[in-house]
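Colleague: Residues per chain are reported as follows:
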Amino acid sequence: MTLLDPTGAQEITHLFAQRLPDLNNKVIAELAVDPTKWQPHRTMPYIEELLKKQFPGIQFIPMQEFPMGIQISETRVIQMVANRKPDAVIIGNAG
Amino acid sequence: MAATRQAIMGQGLPPEAPWVVFEFPLFLVDSDLSPIREKFGEIVEALTKWKPRSTKTGVFNKAPVEVSGRDHEDALARAQCLFLQKNWGDGLAIFPPTRSRVDWILTGTDHDRNETVGGGTGKVAPKQGILTYEVLATCMAMAGGRPEYMPVAEAVCKTIVEKQNTLMTSSGGAYQGICVNGPMARQIRLNSRFSLFGPNPNHPAGGAIGRCISLVLMNVGGHVAGQGTIAEYGEMRFTGLCFAENEDSLPKGWTTFAEDQYRRGRGTNSATYFITFLGGLRPFVHRGSGDEPNFETEMQESFFRAANVMKSVWTANFGPSAGSPGILFYNSMICGNMARIGWTKDKIRSRLAELLFVTPEEIRDRTDIQRAAAAAKVDLSKLPARIPLMTEPRNIHFICAGGDHPSLAMWLAGVTLLGNMEIQIPRNWNDLLQQAERDLGELPAI
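In order, the protein sequences belong to chains X and D. The number in the working numbering is simply the position in the first sequence, starting from 1, with 146 added. The number in the working numbering is simply the position in the second sequence, starting from 1, with 5 added.
FYI, nobody ran anything at the bench for these hints, they're computed from the structure. Errors might be hidden in some of the hints.
[Claimed, not checked] Chain D stretches covered by chain X per the calculated footprint, using a threshold of three residues with CB under 8 Å from any CB of chain X:
| no. | segment |
| --- | --- |
| 1 | 40–50 |
| 2 | 100–108 |
| 3 | 198–212 |
| 4 | 272–285 |
For glycine and all other residues, C-beta sits at the position ideal for the given N, C-alpha and C.
Given these sequences and hints, build the entire structure.
Modeller: Next comes the structure, spelled out in structure tokens:
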């Protein structure tokens, strides 16, 4: 027998951006869904520290400069990030 | 990781991504951060060298699947297994969504099978699969539903598509609920009385409609356990709650939930879709011990028992708010008893709100509250004798439903009302109801 698929069609509207071959002198924005719950206040600075060792010219826009919470996926927050013109964004930490 | 994949797809991106996976302890208080250092090379690789497989945008449709077997019974068993392998089922037996079955379900709507539900993108969060009438009918067929259930499912799905709510992705165990108002509820055998939340063979509509919506959320929205939702317990997600208000038995002068909350005219068919988050059903004993000096005292004392149960939900959260909304269920006998001694819905709400408080003594030793108070510069020694938990009595929503018995009433905590849609009745409605009567027998008396 023929059975219909219950999952619906899926639309791909964007492709992933090309990777940055070198992070030196690049600006990385940080976004967090919560200031402390999943420990971004510890993991983000540690990732910053490790990246700075390998790419001394790298710069960060800390997560505290953007709204936190599940609203980080809202258009207004995305626009706030875009206005700062980062080269890349780190988003975390999810539970 | 699977949950994040669903979220990525929900943003319109391809499902592949440059993963660097960490075990959960990394994200706990006072954790060891060395796994980040150990996998740092992978992180840099993912940031600088990873290449995606997908190279095209567009809408990707799904083809039907073929199932065969030695005989009908074997094919049926294989269909069950296939749907579970593909994560399309919910663990219970499904009715196989053959084309003819889905075509039959589609007689319950005037819409074309390829139209999106709600007329817009038809996308269901978080995965953002596209919900067409054919897909909705497929889920209804799987749930064992019937054509006359489609108008309610359609109204609910319009709210789901419009609101894009993602509370059910959370660990909080949120689950969905539907309250139908209007005369069509009885016509489709939707329960408003005994065993309100099921099962009830005389009122089968709630189970099938609720399960259909659950399958839509799983299959189209991606709320699959551990993939699109991290609900630890999941509560009642097989069917959620799906019931009607017993509006025919409301005391004289009392309004329905839909009139009260959404200003719908009495007699309008509408479906309210809601989610209960960190909440759930909490029954309380309404009836007293029988030795009260009079009936009014027995009824008044029921508020102490109700408040005791309602209060327990808020004890974990002392943030400033007007009170966490919930739904109070009184059956029509209790509503009638309260009305007989002069109580109205608003008076009941106000009295309950008065009783929802904590004292400074109750929270004195709570270190979490002490910390929050210090951060907010609140002097805990100067708190009022009663700290109110519900300053907005209208957050106590009120529905008349449940079996007519004086013993119990029900509080559904942590409710977010997502919307109320008018139910569109298809042109062939009378034919559908006649068919239901032939298939299921006469409408039950109540």
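Colleague: Go check the segment 40–50 of chain D versus chain X for me, would you? Three or more residues, Cβ under 8 Å, otherwise it fails.
Modeller: Holds, because 5 residues of the segment 40–50 of chain D bring their Cβ atoms closer than 8 Å to Cβ atoms of chain X.
Colleague: Within the segment 198–212 of chain D, is the number of residues with a Cβ closer than 8 Å to a Cβ of chain X three or more?
Modeller: Our answer is that it is violated, as 0 residues pass the Cβ test (under 8 Å) against chain X, missing three.
Colleague: Verify this for me: three or more residues of the segment 100–108 of chain D with a beta carbon less than 8 Å from a beta carbon of chain X.
Modeller: holds (count 5)
Colleague: With a cut-off of 8 Å between beta carbons, are at least three residues of the segment 272–285 of chain D near chain X?
Modeller: violated (count 0)
Violated hints for the displayed structure, listed by number in ascending order: 3 and 4.
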